[in-house]
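Listed below are the residues making up each chain.
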Amino acid sequence: MSQFDSAIREAEAQVRESRQKLESISKSFDAVEQAVGSESEIAIDIENATLEDVHAHNEAMSHSIAELIIGLDEVTSGFSRQFDEMRQKSGWESFVGIFSSAKAESMREERIRMASIDDKLQDLISKSDIIVKILHDQLNTLNQHKDKVEINLKSTLADRETVVAELEAIKAEILGMDPRIIELENKISMEQDPAARTQLETELAEINARYNEHVKDEQVKLAKSQTLERYIEKGKSWIDSLQNQSATQMVLINKLQTDTKQRVVLYDALTKSLKTAQQQDVAHRINEIGVETDKQAQSAMAAIGSATQHRMAEMMEKHEDQMVFARKVLEEKAKSDERFARRFADIVEKHDKNLYGGGAA
Amino acid sequence: MEAPADKPESRSKQDREAGSSGASSQAATRRYFDKFERIVGYLQSLAETHFRSSADSAVVKGEADSISGYLGGLSNTFAALSTKYLMSGLVTSGARAALEIDRSDSGFPVHREVLQMASDLSQADRHLVNLPGREQIKSEIVTHILREHTIPRRLQYALSQRIYYENLMQQQLFLTQNDPVLSWLGNTGPSRRRFLIHWAVYDSQRNLPNIYAMVVEDSGGRPLHRDDERWPLVQQHLMAQSLSSLKLLTIARGFDKDFPDIHPKSLKRIHIGPMYSSSFTTQRDDIQKLLDEADGEPGQDWLLVWTTESLHSKETKDIRSGLFGSVSQEVFALDHTDAAAFEAGASRIEPSIILPYRPFQALLAGRAPSLKRYKRYVVSPDGTVLAGA
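Protein sequence lines correspond, in order, to chains A and B. For the first sequence, the tail end lands on 361 under the numbering used here, and the numbers increase by one without skipping. For the second sequence, the tail end lands on 1389 under the numbering used here, and the numbers increase by one without skipping.
No lab work stands behind these hints, which were simulated from the structure alone. Even for Gly, the Cβ is constructed at its ideal location relative to N, Cα and C.
In silico BS3-like links for lysine-lysine, alpha-carbon gap of 30 angstroms or less:
id	chain 1	residue 1	chain 2	residue 2
1	B	1265	B	1314
2	A	103	B	1265
3	B	1257	A	103
Over 12 angstroms on every C-beta distance to chain A, these chain B residues come out as not near it, computed from the model:
id	residue
4	1044
5	1064
6	1104
7	1146
8	1182
9	1194
10	1227
11	1376
If you want a taste of the chain A side facing chain B, the calculated C-beta under 8 angstroms gives, among others:
id	residue
12	121
13	125
14	126
15	269
Only chain A is shown next, with the shape it has when bound in the complex:
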């Protein structure tokens, strides 16, 4: 049980860490957003490495949550032990059985009458609740970040549009200046009068200065647009990754809740039918005859015993099915983990490609 506690602490610590990482990334996105607004130099410090780090960490986190879920299975194996105990004689009972089978049988009956799994069910529910809560918290954080980044991204897209429009305007202006410059240059080459020539040259110098300014402006705008483009690409993939993470969380939550529901119902029904099958008819028959002789009671018990044995065997077989089911849950879990990792690999790859390919406005 304390193993479960330490596993929970570990998972909680990892969730906290992941939250910090998310926070820091969101902050860098925020910083970009502010830089765009204030027209100052935009420095993107969202390195690939940071994103990858977050991904790796998330995988580690989902791993320890998976471990928690496996820890739950340890709790549930406690149930099957109890079912076995109810079905079989304990060591002491079989020892007593050597001398008196009736005594051993009645000891076992007494034990069954005392058996209850309600506290174990409670334990199962509260443990699965704890895990679900961790997952839920994480899911909420992810969604919050996603919302925030989405809003940021939207305004950045708008920003980029204005930058691109400005860029286009400057380009058009530059294009518009070209014929004027050529015309001036032609005039200068043909002009013989030094005074007029000087005037034309001054004019040309002015236009050239303006032209150069525009070209410089164009470059600045182009750089800004490219930076924003890269930022948008990163933001998009970041949202993708957040979406994927929250999908994984939701899958886990859903699975865990369904499992717990089914387990509670199943274990409860199994215990109760075991208990009922063991005692019911015996009491009915020996209400009146039991007081007369022990022997009749014994034979009654033996007859009923063999009948219930069969029923219980059937029930235990059903229980086996449940164990198969539990294994299947784990397999599905492994599959979803795999899917998770694969998805992330895709995103990281896509992300890298776009980073080097993008940029042209």
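On the provided structure of chain A, position chain B as indicated by the hints.
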């Protein structure tokens, strides 16, 4: 006190066919709990007027007290569940899923909901530390409404959860297991004491509350309520044996056998439910039909069944135990002519129903023959409960 609630639109065919499914919309959840609160209220007034006033002995008085105690707990439990699920369906992500009701059988919330509530209770103090206080949430709600001009669902949800956990901490609840309580009835001999033991469980097989009451005679060396050795064992034994699938006879005999110096003299079990309602449940056909026919007004389309099983000892015999000793053993009265009771391992079975007067009229007109044997209690339009013909 009338809060007409049930709208016919919730009674679509689809609704009925969905087995034990969630009352998904918030309005449906509210109506469901509203209805339950009223029904439990009627039961309580019934316990007050019809049973306690006619109580002739200490046993019956004690039983009536314990029953109204459990009914009070039940009503608190439903109130708590209703705040827990108040916002279900309105808050999308992260909120609790809808309440699960056993529609096809008991009409009560499924056992797991109550179990879950007990688990919530064990963590309530932690939640209360984390959640902001009522006043703070309320002022946040006001701020949100003034600033954003939208309905602050998330804050409303937070408030509902806050109230839920506060209710859990403060009120007496009906849990899945309500451990045995002992009360002393008097002495029947020099070292023979009579006790009434009562306890209750939320039965997981039928999703119904069961109340147990047992009268025992204690011939042990120390009085049972001061005996630190036997009393905890007695409690554990009784809780572990409280299954609706066990016959009363089985429970009583098992108890008699495991505790040689405690003699069970009578054992009573009350199954509260099932609840039938034309808008929420989908059970036996003739009752459903009865309710459908009677359904003219909202709030008039329900019916609650409760069944009292009782078993009492008819004699005591001494049987040999070991080489020299002897143990007294109870022989319980089983009536061979009453097939139903005999089969159920009880001396007597008394099914009763409580219903509003409209369906009662339909019942008198001969609908629902399966209810013929039932003792009837009718809620008159002004809310008083009368014993029916």
